[in-house]
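There are 2 protein chains.
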Amino acid sequence: MGESGLTNSPATRREFLGHAATATAALTAGTLLSSAGCARSTARLTGRQGGGLIGPGSVVLFQGDSITDAGRDRRREDTANDTRALGTGYALLAAAALLANHGEAKLTIYNRGISGHKVFQLAERWDKDCIALKPDVVSILIGVNDIWHTLDGHYDGTVEVYERDYRALLERTKRELPGVRLVVCEPFVLRCGAVNDKWFPEFDGYRAAARRVATAFGTVFVPFQTMFDEAVRTTPPAYWAGDGVHPTLAGAQRMAQAWLQAVASPTT
Amino acid sequence: MGESGLTNSPATRREFLGHAATATAALTAGTLLSSAGCARSTARLTGRQGGGLIGPGSVVLFQGDSITDAGRDRRREDTANDTRALGTGYALLAAAALLANHGEAKLTIYNRGISGHKVFQLAERWDKDCIALKPDVVSILIGVNDIWHTLDGHYDGTVEVYERDYRALLERTKRELPGVRLVVCEPFVLRCGAVNDKWFPEFDGYRAAARRVATAFGTVFVPFQTMFDEAVRTTPPAYWAGDGVHPTLAGAQRMAQAWLQAVASPTT
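From first to last, the protein sequence lines stand for chains D and U. So the number in the working numbering is just where the residue sits in the first sequence, counting from 1, plus 1466. So the number in the working numbering is just where the residue sits in the second sequence, counting from 1, plus 1466.
What the hints contain is simulated information worked out from the structure, not anything from laboratory work. Note that the Cβ used here is the ideal one computed from N, Cα and C, for glycine as well. Mixed in with the good hints, there may be bad ones.
Unchecked claim - Derived Cβ-Cβ restraints for the label pairs, each shown as a range:
1. U:N1662 x D:K1572: 22 to 30 Å
2. D:E1590 x U:A1589: 36 to 44 Å
3. U:A1674 x D:T1545: 34 to 42 Å
4. U:K1572 x D:K1594: 39 to 47 Å
5. D:T1624 x U:R1540: 41 to 49 Å
6. U:P1667 x D:G1523: 45 to 53 Å
7. D:G1523 x U:A1674: 38 to 46 Å
8. U:R1591 x D:G1523: 39 to 47 Å
9. U:R1641 x D:P1702: 33 to 41 Å
10. U:K1640 x D:D1709: 23 to 31 Å
11. D:A1589 x U:Y1621: 50 to 58 Å
12. U:G1582 x D:A1704: 52 to 60 Å
Stated by the list, open to error - From chain D, some residues computed to sit far from chain U (all C-beta separations above 12 Å):
13. V1625
14. K1664
15. R1673
One chain only, chain D, in its complex shape (with noise of 0.2 Å):
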């Protein structure tokens, strides 16, 4: 129902505002309200969507690259909520939605995705950016420089490598955090801009690997190629991202609005 809910024809928008609407419900039912043990309002607003990710005083990091970081003040990096902070991006229009509607829960939000990143650089810079915030839920996107570097002559790494990265990095996560709650992005391009038939098809393998890697760990996955796709079929590609890589304002709160609905949606 998530993807359906995703096209862009009438009849399924409307579908998919109602279904994105659930999704919030169910995130607020499922976080705040089955918290307080209002098991039959929860049934009723989440039906089968399940639980929410996300619980009260609920610490949330958003990592990935340029498409997360998205213009954020690195010097407010510490501030958690900031809005200069988030960046203008995905995380902060997720943000936004979840801090308005869920003051009670007292939740602490980090972005802290860096530009021209890939796996490998996530690693790096991950007890300083990940394990020392102490996350109760860590949102990664990764995976699109990972293969561009590589286009462009800059990297010479492959989707074995990309996987093999992800694998250890998520590893180490659950061993340095027990009981962190994981959220593995889809890695996504639209055709116009930078992204031609070269990207093709090695760029579903990165796609298919980070689902992979999703399911192997049990995580929450959010299809976003699956969502752009469905969106390109009534407005054109630059509509979403200009150079097919980074999201406009449109694309973001697409964005956003899918990220939401997987957080509120049982793991896979």
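Position chain U against the provided structure of chain D, taking the given hints into account.
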């Protein structure tokens, strides 16, 4: 229902989430769907909320002071729908929802708020920052500086001057932009930070004046103060606006939700 829906208790938040979705769905239905002639679907989706103010191809302008400005990049202000040009406040967050959920509508959204401005300063730059953009929808949030700058001795205006200048601005806007749809936003403060007893009861007079102007010109009125008064019942004022005037990310998102809900409702 809008006001009760904006309370912050778990029970009413559940309603709020539903209502917010209804408002967004109403915006979809009242614009894209009704323009496509899907009267039945429109009726089912919008219920008593009726048609939206924003239609396919609409040019939407956000005007005001620092709360609207929100650190926007003025060098990019002529670029519509640009993340940096929209700032990081309620205008950005409302635009994100509009652009993400109405891709085919080809909306054009600008932010021309400027920090520190009072209503007479909007008038001084109205030809360039409003009329020249030929907006279909003009949303204005102005008034907090009209009183604040008198409290700190930098301005000698009164509530009568504020209302007179505000009415003159809307008269001029309707004369120069026949068919323009206006949105008057309620000035608001939260009792924390820079906001102390010196602000009252005078501040309530400015709020009342803004509401009189909205009624006199038949505009949509966005009840921001009412929304925040409900929000602080369960979450402290500083959570929504640290200095009592400038919203946090959570406060800005609540404003965007209230704005979308009001703009999707019938004009009053």
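The hints, checked one at a time:
For the hinted restraint 22 to 30 Å between N1662 of chain U and K1572 of chain D, the CB-CB distance of approximately 26 Å keeps it satisfied. A C-beta distance of roughly 55 Å is found between E1590 of chain D and A1589 of chain U, which places it outside the suggested range of 36 to 44 Å. One distance hint, 34 to 42 Å for the beta-carbon pair A1674 of chain U and T1545 of chain D, holds here, with the actual separation near 37 Å. At about 44 Å, the CB distance of K1572 of chain U to K1594 of chain D agrees with the hint of 39 to 47 Å.
The hint said 41 to 49 Å for the Cβ distance between T1624 of chain D and R1540 of chain U, and at roughly 45 Å that hint holds. Between P1667 of chain U and G1523 of chain D the C-beta distance comes to about 39 Å, which lies outside the given range of 45 to 53 Å. The supplied range of 38 to 46 Å is met by G1523 of chain D and A1674 of chain U, whose beta-carbon atoms lie about 40 Å from each other. Checked against the hint of 39 to 47 Å, the pair R1591 of chain U and G1523 of chain D passes, with Cβ atoms roughly 46 Å apart.
A hinted range of 33 to 41 Å holds for the C-beta pair R1641 of chain U and P1702 of chain D, which are about 38 Å apart. As the Cβ distance of K1640 of chain U to D1709 of chain D is approximately 41 Å, the hint placing it in 23 to 31 Å is violated. At roughly 55 Å, the beta carbons of A1589 of chain D and Y1621 of chain U sit within the given window of 50 to 58 Å. For the pair G1582 of chain U and A1704 of chain D, the beta carbons lie near 36 Å from each other, so the given range of 52 to 60 Å is not met.
With a minimum CB-CB distance of about 31 Å to chain U, V1625 of chain D clears the 12 Å threshold, and the non-interface call stands. Chain U leaves K1664 of chain D outside its interface by the beta-carbon criterion, the shortest separation being 27 Å against a cut-off of 12 Å. Listed as outside the interface, R1673 of chain D is consistent with that label: its C-beta sits roughly 22 Å from the nearest C-beta of chain U, beyond the 12 Å cut-off.
Going down the numbered hints, you'll see the structure goes against 2, 6, 10, 12, while the others check out.
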